[in-house]
Each structure stands twice: as structure tokens, then as C-alpha cells.
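Student: Here is how the chains run, residue by residue.
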Amino acid sequence: MNQSTPTYTPTGALVTDVPTLEVKNLHKAYHGNEVLKGVEFKVRQGQVKAVLGPSGSGKSTMLRLMALLEPADKGEILLEGDRIGVTPKGRALPEAQLAVQRREVGMVFQKFNLFPHLTAAKNVALALTAVQKVGRGEALERAHSMLDRVGLSDRADHHPSQLSGGQQQRVAIARALVLNPKVMLFDEPTSALDPELVGEVLEVMEQLAHDGMTMIVVTHEVRFARRAADEVTLFDGGVIVEQAPPDQFFDNPQHERTKKFLSHVH
Amino acid sequence: MGFDFQIFITQLFSPVYLQGAVLSIGVAVVSLVIATVIGFILAVGRGSKSPVAQWVSLAYIWFFRAIPALLVLLIMWNALPQLIPGLRDWGYNPFIAASVGLGLVEAAFMAEIIRSSLSSVDEGQGLAGRALGMKPDSVMSKILLPQAVRIALPPTTNEFIGLIKYSSLASVISLRELLTTAQVGVNITFRYAEYYTVAIVYYLVIVSIITVIQMQIERRFHWASSLPTKKRRALKLVGAAR
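Top to bottom, those sequences are chains A and B.
For what it's worth, our numbering labels the leading residue of the first sequence as 1, then goes sequentially.
For what it's worth, our numbering labels the leading residue of the second sequence as 267, then goes sequentially.
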């Protein structure tokens, strides 16, 4: 990168050398079972990273730790260069302070986790009223425009039980987007969907990537990884095995483990 | 002697019974409110990470599940004023004693209802709220409680009906609720069948009204089983839609 001429993302934000989100030497164990064994991972502004890997390889755990939903045993999580999730002395922050930091990171879950007692619009508006203390009217207005962005403005007054899985996941994406997060984390966003509903969700995600959103996507969708990702990562046994641009990753993988994994998913 | 309908009808519409019914409902409502507030605190205590909070909650539930409600009422009305002299001068009356006494006992049962209702809400719900940056009190009040209420409503209605009936225990501390009213009438007239039947009618009417109110409230939770979804499911069954 030329140091003298600054570069910009499609949305006009200045591209810097500091990664938007970075984890260093991340460790996590459950009941003595080590799930993450020193993960090094980073995503730059506007980058889309697809994370592949077999079930139980620790990729979802990495996302949960990045979203500050669970504390890491060891290692650091940095948002735009600043360490998050811990006090300056390295102790875990109290829940109320973690909540404030989580607002910078958007999370989309495999099972959508929409709030069943609220309409689509209110699902999206809740974070605005409860977190940003935006007025009800303005929050609903912003929720509607966000639903419009995922193609669901006509479903704003429907409850989740009245929506298809694909529509629910698109509402969930709108809900995470409405707070303007610096990075969006997707935890197998299409794994719980009927096959014919996968396309509409991936379409929204590809549009988001195209608009310059920084994204980390844990997925089994090789097609999406190929088309939308800047870089593809193979996760296995709690560590990152290989990271490469999609063409190289899929057509000319360097590691035996990657070759073996791809032979199963292709 | 036979069943004298004249006595039955006269008593059915007498203001004394109505007052008794109002007192019974009043005791049940106030004690349910007290029980719900304390029960919620106990439920949160039991689910908390603090061992002290867990222990205090468990001890409370253990104690009040073991002690008969009748004994608690006797303590509230007879023993408490001895321990706190001047209590009755401050307006302490059988109604307060009964409401607080039954509320304290009922809290132990409400704690379990609230705890199981909260834990039956899918854990992804709290997770999604936290991921949005909502603070714990916000997650509780805006996400978990509205969903837990739906689950807690039927067993809570049961408890409320139970409290209406338990309020008759307050006759021992001279509260003239519904059953005491009947008993007093019987003592004067010896018309057992007529006076007790009036009491039956009153209890039936009260519980019917509560049941209707429960159905009305449950209708507000239409989000849990909305018509379009049912329609879609029905269509799916006949293979007309996915």
C-alpha cells in the first residue's frame, strides 16, 4: 500500500493499517477440553473473511469470544487496536461494561434468535430504544429503512412465527446492522435453513460485503466463500490451518488438511 | 326442614356476602402481588452466581414451603404484635396480617414458577440481547420477562385461585372473608345448606371470572401461536404449501 495516498473503502471510510478486529493467541477450554489452542486471526476494514472447518473445530467459539459473549482463558481481542473485554489490568470486565463494548460488534446466529414477542420492526428497533436511547418513533423509522435494506419492508409488522426461516435470518441481520457495528460476525447463518431459503440470505450478505461492511463469516457455504470472501480460512482442531484468497484456497490449497477437507465438501 | 330458596336468594344478594367476597379477593390479590415480587427476587437469587444469594433463596423456600399457612397467619396476627409492641396502633389489622402472611408463604411457590418460566425461555434469547449490547436489567425486562410471563400465567392463575380459597384460613384471625361470612350466618340461623350454597355460588362466580380474565390475557400472547403460522402448517399437512 502506498503510504502517501490514503485509500478508501466503497463507503468512503479511510482504510488504515490497524485491523478492525484482531485476536492474538486466543485460548478457550470447556471442562478441561481445549477448544481454541492459540488462534491468531485478523480482519481489516472492508474485508470479508470466510471461516470453514469441520463441526467442533472451534470456529463458532472464536466468534462468541470475539463478540464478548464468553471470556477467553488466555489471549487478546483487539478492536481497532484497542484491547476489549478486559480491564487495563487484564481482568474480565463486569457485564454492564462488556455490554457497552459489544455494541461495536454485530452478531448473527445460526438459529436467528429473533425475539418472538416482538414484530420484525420492533426486533430491529429494540437495540435503538434500549441501548442507544433513541425515541420510539425514530427507532421504528430507522428499523423500517433497515428492513427495506434486507428486502423485508412489507413484513415489518409480522411476528417471527409468521416469517420463513430465510426472512427471520434477514430480520436478524437488519437487527445487528441497525447499531452500525464496526464488524459483523456471522455464525453459520444459513445452516438452520431449508436449502431453498439459503439463497436469499446469502444475497443479503453479498450485498453487505459489496457495500464495504467488514465481515467474518463462519459457514459451510463454499459458493459464498468463493464469491464474496477476500480471504478463506480453514479452522481445525482449535487452530487455523490455512488462510488464502479464495482462488488459491479452493484451487491450489497448500496444506494436506485443507485438501482433505475440500474433498469432502466439494 | 328442606332447602329454603327464599333464605338462599336473600343471602345471595345480601351486602354481607359481597363484602366477604371482596375481602377474599382483596387478600388474594395483595398476597399474590407480594408473592410475585418476593418470588422474583428469590428466583433471581437461586439463579445467581453468588453463593450467599443462592443460600438465602433456598433457605427461604425451604422454610415457607414447610410451615403451614395457618400457622403463619396465627404468628402474623397473634405473635407479631407481641414482638413489636404498638403494631396494632399503627393500623395493623387482620387484612394486612392475612395478605402479608399468605404472600410470604406463596412467595416460596411463586419463586419456583418464576424460576422455571425464566429458564424455559430459549437461551439464545438472552444471548441475542447481550450481543446487541443490552445491559442485564434490559435483557431481563425487555426480552426474558415478557416471554416468561406467558409460560408463568397458567400456573400463576392456579396459585391465585388457591389464594382465594386460602383466604378462608384468615377466619382464624377474625377476618370476615367469604367463608367466615357463611359460618357466622350459620351460627345464627342453623340454615347450613342455604348459607353454604351461597358460599359455593360466590366461589364459582369468582373463579369463573378469573378464568375468563386468564383467557383474555392469554389472547395477548398471540405471537406464540399466530394464525398465519397455523394456516401455513395446515396447508403443509395437506401438501399445498411448504
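None of these hints come from the bench; they were simulated from the model.
Model, not experiment: these values are computed from the prediction.
Beta carbons: idealized from backbone N, C-alpha and C, even for Gly.
Please note: incorrect hints may appear among the correct ones.
[To be verified] Listed next, the in silico DSSO-like pairs over lysine-lysine satisfying Cα-Cα at most 27 angstroms (straight line):
| # | chain 1 | residue 1 | chain 2 | residue 2 |
| --- | --- | --- | --- | --- |
| 1 | B | K408 | A | K111 |
| 2 | A | K111 | B | K401 |
| 3 | A | K133 | B | K431 |
| 4 | B | K315 | A | K89 |
| 5 | A | K74 | B | K401 |
| 6 | A | K259 | A | K37 |
| 7 | A | K24 | B | K408 |
| 8 | A | K182 | B | K408 |
| 9 | A | K182 | A | K111 |
| 10 | B | K315 | B | K431 |
| 11 | B | K408 | A | K89 |
| 12 | A | K89 | A | K24 |
| 13 | A | K122 | A | K74 |
| 14 | B | K401 | A | K122 |
| 15 | A | K122 | B | K431 |
| 16 | B | K315 | A | K182 |
| 17 | B | K315 | B | K408 |
| 18 | A | K122 | A | K89 |
| 19 | A | K37 | A | K260 |
| 20 | A | K259 | A | K182 |
| 21 | A | K74 | B | K315 |
[Unchecked claim] Chain B stretches covered by chain A per the calculated footprint, using a threshold of three residues with CB under 8 angstroms from any CB of chain A:
| # | segment |
| --- | --- |
| 22 | 386 to 393 |
| 23 | 406 to 420 |
Student: When the structure is checked against the list of hints, which entries are broken? Sort them ascending.
Tutor: 3, 7, 10, 11, 13, 15, 16, 18 and 20
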